[in-house]
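Q: Single-letter residue listing:
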Amino acid sequence: MLTIFFARHERPARRALGGFIVWHLAYVALTNVWGLFPALPPEVIRYELGDDLEHESLQGRGGLATVMDRYGELTGLWQGWALFAPNVPTTSSFLAVEFQWSDDRDRCTLASATQDVPKTSVKLLSNFEPADLTSFWNPAWHDVRLYNYEWRLAASASVFDRPTGQAPTTKGLAAQRELFVQLFRRERKQFLAYLRMRLGDYLAEHPDAESPDTVVLMGRTYAPAPCDQRPWQWQPCVETPLVRWRVASVAETDADALDYFDPVEGQFLPIAALDAPQVASR
Amino acid sequence: MSNDERPNVVGLQPILPAPLAHSPWWTTPVRAERWAAFRISVGLALLVDVALTYWPVRRALFGAATLGDPSVFRPRTAWPLWNWSLLEGVNSPWVWDAALVVWGAAALALAAGLYSRRAALIAWALSVSVLNVNYFAHNGGDRLRTMALLLLALTPCAAAWSAEAWRRDRERSPHKAYMAPWPLRLVLLQLVVIYFFSGVLKEKGTTWQSGEALWLVMTNAAWTRWSYLNLPVWPWLAQALTWITLAWELAFPVLLLSRRTRVPALLIGAWFHLATGVLLKLGMFPVYALCMYVPLLPWEKLADRWSGIGEPYSHGDAPVETDTTSAPELAAVG
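Just so you know, the sequences run in chain order A and B. All residue numbers for the first sequence refer to the numbering used here, where the first residue is 1 and numbers rise by one. All residue numbers for the second sequence refer to the numbering used here, where the first residue is 1 and numbers rise by one.
The set of hints was computed from the structure by calculation and includes no laboratory data. Mixed in with the good hints, there may be bad ones.
What the hints assert, rightly or not - What follows is a set of in silico ranges between Cβ atoms, one per label pair, in the way DEER data are often shown:
no.	chain 1	residue 1	chain 2	residue 2	range
1	B	Leu86	A	Ala26	22 to 32 Å
2	A	Ser121	B	Arg59	24 to 34 Å
3	B	Ile244	A	Asp132	27 to 37 Å
4	A	Asp132	B	Pro56	17 to 27 Å
5	A	Ala225	B	Ser23	47 to 57 Å
6	B	Leu189	A	Asp132	36 to 46 Å
7	A	Ala272	B	Pro232	47 to 57 Å
For glycine and all other residues, C-beta sits at the position ideal for the given N, C-alpha and C.
Required output: the full structure, derived from the provided sequences and hints.
A: Spelled out as structure tokens, the structure:
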């Protein structure tokens, strides 16, 4: 049918194709240039945003940028390429979950008898965290998409990176909190989906265990020692609480059952407690 | 020139505005084998992708109460954004199974050159749909895949090395097919853009300026497939490679302009993707990126050797295949 159409309207079709090519070239060039001058504050434009660089940068530009944005979305051809830019994380980040039960109840009926499951908490590391950092080989390809998902969330842990041996300052912690809250606002549904999956996997493996009261997501980061240190080794793991899920909470929405960890206050807080500027949610 | 000697240019040839209309690089038809090789490589890569990276984890990625639960990425397809997904709101695991089977079948048809454009269109639609339903499971390689599939759907990708071409050639004598060069140019320019703008962004980064970047990548146990202590690299070498990478990315557009620097630049790029594909958990990104290099190879020489047909346009009166001298990338590896 298309062949017949083009045979009848060949010249207009050829012009239309030429127009499409020019438009696409302009789209690729302009959106990438605009990506260099993002509208968002520079501290947000980090590797955490990855592929979203271009989208973020076009927000609020209006006019031609909006049309190009819509074109990229419609065709799936949106631009914004990072390839480890602008900076490479200075730590290896992994996620861990801790299931917590209230102390006043014996939550694990059969498991508690066999001592397989502690009564108060169980911590599970990520499948992607090597048991021994000094010697591992992971050739698997089948889980790269799970890895992509988890890495996106784990990258948020590197928000709390600081130079080795440097004590945290109140100002530094406040800046980290602001950045993490921006990420948390945008990604809390993904955080919750991840926690649900981990809990579901755990309960499937432990059918006699009751659902925990809370699930805590932790970032586990390993900083490399200076490259000239001999023998060379990673520094000890630093664990940072990131998000807490009140499993039994009767929240208005599921994502409202999540609290974020405030490094300044040193405790979990509900997102409603914040008065921070909101990053546009997509 | 007789009608038999006239170049057989398949597909719609665009009417381009100046200055593109005056550039042989944009207007001289190219042999269809190059685009066919691209079609086959993308089809095979997609087949591997669906079978190895989606199918085994589909129950964790798609459907209700999974990482891609319909509620999780719904804002992505909400107004005023024009992101879309044919599979939005789909919870049934069986529908997801069927979608992946259709996607795999489309990849196979694309590679075989059977109903190629329809297969590419279906594969593109599913590529966009799957990406938007669970965005976090994807990376830049999946966007390269989407771009490749859309270009294949818009172009006569089955003009050579396809079941369609084989069937056509049985009915009439075999002939060389040519096509408008624009899709190959867009693929190459996309590569240029990826490298150059990544380089510009890197140039702003402190870890790239200091030369630490690649050493930090290699010591990142979350990214590497091997422990750094199993595969150590001298820090000075990592530093040199960091700056070479940065310089190569920034210079890539210029390096392509000269015949002398073109081949090394492209070989470095291919090596970069091969090495990162082996060493790092980048998923299908290196595979799809390498597919972008496929149409740069002179596949028509292989086709001519196979078919035993000589070059009919070598007398100077029908300079259709001037492409190898006018297009920078086409003469790159040959």
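Q: Are the hints correct? Go through all of them and say.
A: How the hints compare with the structure:
no. : hint                             : in the structure
1   : Leu86/B to Ala26/A: 22 to 32 Å   : holds (28 Å)
2   : Ser121/A to Arg59/B: 24 to 34 Å  : holds (28 Å)
3   : Ile244/B to Asp132/A: 27 to 37 Å : holds (32 Å)
4   : Asp132/A to Pro56/B: 17 to 27 Å  : holds (25 Å)
5   : Ala225/A to Ser23/B: 47 to 57 Å  : holds (54 Å)
6   : Leu189/B to Asp132/A: 36 to 46 Å : holds (45 Å)
7   : Ala272/A to Pro232/B: 47 to 57 Å : holds (49 Å)
Comparing the model with each earlier hint shows no violations; every hint is respected.
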